[in-house]
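*Asks:* The residues making up each chain are set out below.
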Amino acid sequence: MLSRISITCFAASYAVALLLELTRLWFRSGVRGAAMLAFAGAGLIAHTMFLAYRGLTTSGGIPLSSEFDWYLIAAWALTVVYLYLTVYHPRTAFGPFVLPVVLGLVGIAARFADRTPFPRSQALEVWGMIHGLSLLAGTVAVATGFVGGVMCLVQARRLKHKVAPHSGLQLPSLEWLERLNARAITISMMALAIGFLSGIVLNLVNDRLHVDHLPWSDPIVWSSALLLGWLVAAAGFTWFYRPARQGRKVAYLTVASFLFLVLAVVVRVGLPSVHGGGRSSEASLEPQAEARP
Amino acid sequence: MNVQLVGCTHQHASVELRERLAFSVNQATEALAQLRERFPKAEAVLLSTCNRVEVYTAYDEPQAGPTRTDVARFLADFHGLAFHDVFDDLFQCSGEEAIRHLFSVAASLDSMVVGESQISAQVKQAYELAAAQDSVGPLTHQVFQAALRVAKRVASETAINERRVSISSVAVGDFAKNIFERFDDKNILVIGAGEMSEETLRYLKEEGARHVTVVNRNLPRAQELAERWQGRAVAWEELGAALAAADLVVTATGAEEPIVTLADYEQIASKRFQRDLFVLDLAVPRDFDPAIGNCLNVYLYTIEDLRQACERNRQERDRELPRALAIVDQETRQFMAELNHRATAPMIKRLREGWQQVKDDELRRLFNRLPTVDDTLRQEVTQFADRLVNKLLHPPLESLRDEARKGVQHQLLEAFKQLFKLKD
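Each protein sequence line maps, in turn, to chains A and B. Under our numbering, the residue at position 246 of the first sequence is numbered 246, and the numbers go up by one with no gaps. Under our numbering, the residue at position 344 of the second sequence is numbered 344, and the numbers go up by one with no gaps.
Careful: at least some of the hints might be erroneous.
DMTMM-like mimics (lysine to aspartate or glutamate), calculated; alpha carbons at most 20 Å apart, straight line [as the list claims (entries may be wrong)]:
1) B:41 / B:70
2) A:160 / B:402
3) A:162 / B:402
4) A:249 / B:289
5) A:160 / B:361
6) A:160 / B:70
7) A:160 / B:318
8) A:162 / B:361
9) B:349 / B:361
10) B:41 / B:30
11) A:162 / B:181
12) B:391 / B:361
13) A:162 / B:30
14) B:152 / B:318
15) B:177 / A:175
16) B:349 / B:402
17) A:160 / B:305
18) A:160 / B:304
19) B:205 / A:175
20) A:162 / B:70
21) A:162 / B:289
22) A:249 / B:266
Calculated from the structure, these hints are not laboratory results.
Construct the entire structure; sequences and hints are all you get.
*Replies:* Structure below.
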């Protein structure tokens, strides 16, 4: 049964949940909240089973074993964030902001990501796991900060123009969003710093063992360094310049961080790289076919 | 099963009478005990708010419940008023009408300010108090549970409760709460001392505001207001410093010119580190230079802005009203149908059992007289008797069900009881 679950299953569930979220703008419904949670929850279960099956059949139970898995796990983590926020703040419309990012990550995984598992030796390395998990946490934090930043700017604009809250599109308070943004910047900076440094260690170890050495000029290296550099600057800005911790400035910082992340992703999918064992142009587009034993 | 309501509301009675008939919690407890004493077979719930005093009673036998006169006498006696001062202003309704009224009340459709959210909590408290006093029974339990469910449904399926229509409630509920997550750590600055400032302060206090600073040209007046709201008063000369420390400003002075100009604000802006500032300028003419509203992280609202927001909310609320009324109507009809079905179900059961008994007795007698009849024939005869009973019962039972659906089955029930000698 597990092998029958495809990306389409959970992507469609998330898309329906997003459509239901968008209908908040037009009409009210007593059952929509439950339906939204049911679709997103069903999508998350299918998503989890898909990842679990892939883990068992293609990488011996090791998560983050390919670039494809990495994007899907980032989308999975963001969906968990979405469900958590929606359950605890049912009147607030998080979906129209979070779910497009989730679908975007799933779309990148399906269309562009390399499905070839990382070389087994690398995937098993402790450093490899630290590297992958930290970058994953950093990416989720940047995406969460971006969502919070956009919501903050929408809310600030609404309040500046003195528009009463739309009953369907309730947003959290500016104070809550500003706190989320400030935390997202700090957490993403720390996680990406750990991910980047562990990547350097990993590369040095591989270099010594003469396996899978990644050139320091590889697009992945410099685009990641650029993202990290920006996040360090943004975090420093919020720590040492008090006005940047509140108001719209912190929202602009998180949105800019996301643009750097998008740049890193574009570089990853657009430029040749030998990161993770190199790109396979023949990577299968149908995951279950690959996942089947 | 009967439900009856006797009471007075803002639509029928003057505020003076409502005030005289109102019950405190202790009085309501005592009143429920007295009602039980006077009408031991009736269930009772007493709903008393500033807009209404309503006595809901439910009973099985019509003579077991109080009449409008009984309730008027009870209310008059309890509050030491003359019977005739009370009687004329009381209204009465029963059955479906009473249920519909309670559902409308709980959903805040009968309130003075339609959509105000406190009433459903007050209905719940009234029901809980009656339950604690043992004066509710199966029927009032069903009715009040249903009323609270209807209130929730109206609140979730319409925006009627979300649309605030007073200046202060819009300022705090629609705008301040969208800027600040909490108010207990915010500095509230009140400039001047007007009625509307106090009203806004009341809403802010309800949201947890603790740090209130009052500035007034007249320091004793500032001190008086500060004392009333557990705040502190500062001299007029310290306005700049107070503004630098403030998160939310409520201003309503009678000044002819703005008391805070853009230049004044720019002087203190650097001390604020671009912290969010919400300014409610309730004064006419305005106390804050409108240009301050363009400064980064400043949200400046004038009374005109708030009035427009109130008007928009009022229009939206009016648009929601038909939907809310439709929900109440649908729920009332459904509730009555269920109630009537429940009332007829025991009757149908007794009738079936009675006829079944006759059939069984006759079959037994027949088979005793025909001992040679084989099993196949026995089965045929038994099935014939079953079919006959079912077919004979079908038309009267169907009529009873139809009447139950329409909700007017009392006479028919009585007729059934007499025709078929059915006992309760």
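*Asks:* Just to be careful, I want the Cα atoms of residue 41 (chain B) and residue 70 (chain B) compared with a cutoff of 20 Å; is the pair within it?
*Replies:* The hint holds at about 14 Å.
*Asks:* For the pair supplied as a hint, residue 160 (chain A) and residue 70 (chain B), confirm whether the alpha-carbon distance does not exceed 20 Å.
*Replies:* Not OK: residue 160 (chain A) and residue 70 (chain B) at ~59 Å, beyond 20 Å, violated.
*Asks:* Please work out if residue 391 (chain B) and residue 361 (chain B) have their alpha carbons no farther apart than 20 Å.
*Replies:* holds (19 Å)
*Asks:* Residue 162 (chain A) and residue 361 (chain B) were given as a pair; does the straight-line alpha-carbon distance stay at or below 20 Å?
*Replies:* violated (81 Å)
*Asks:* Would the pair residue 160 (chain A) and residue 304 (chain B) pass a check requiring their Cα atoms to be no farther apart than 20 Å?
*Replies:* holds (15 Å)
*Asks:* Holds or violated: are the alpha carbons of residue 162 (chain A) and residue 70 (chain B) at most 20 Å from each other?
*Replies:* Roughly 54 Å between the alpha carbons, so the hint for residue 162 (chain A) and residue 70 (chain B) is violated.
*Asks:* Under the criterion that the straight-line Cα-Cα distance not exceed 20 Å, is the pair residue 160 (chain A), residue 305 (chain B) satisfied?
*Replies:* Holds, at about 11 Å.
*Asks:* Just to be careful, I want the Cα atoms of residue 41 (chain B) and residue 30 (chain B) compared with a cutoff of 20 Å; is the pair within it?
*Replies:* holds (18 Å)
*Asks:* Mind checking the alpha carbons of residue 205 (chain B) and residue 175 (chain A) for me, to see if they're no more than 20 Å apart?
*Replies:* holds (19 Å)
*Asks:* Can the restraint linking residue 349 (chain B) and residue 361 (chain B) be considered satisfied, given a maximum Cα separation of 20 Å?
*Replies:* Status holds; Cα separation ~18 Å.
*Asks:* Quickly compare the C-alpha distance for residue 160 (chain A) and residue 361 (chain B) to 20 Å and report which way the hint goes.
*Replies:* Between residue 160 (chain A) and residue 361 (chain B) the Cα gap is close to 85 Å, so the pair fails against 20 Å, i.e. violated.
*Asks:* Given the hint that residue 162 (chain A) pairs with residue 402 (chain B), does the C-alpha gap stay at or below 20 Å?
*Replies:* violated (55 Å)
Checked against the numbered hints listed earlier, the structure breaks hints 2, 3, 4, 5, 6, 7, 8, 13 and 20; every other hint is satisfied.
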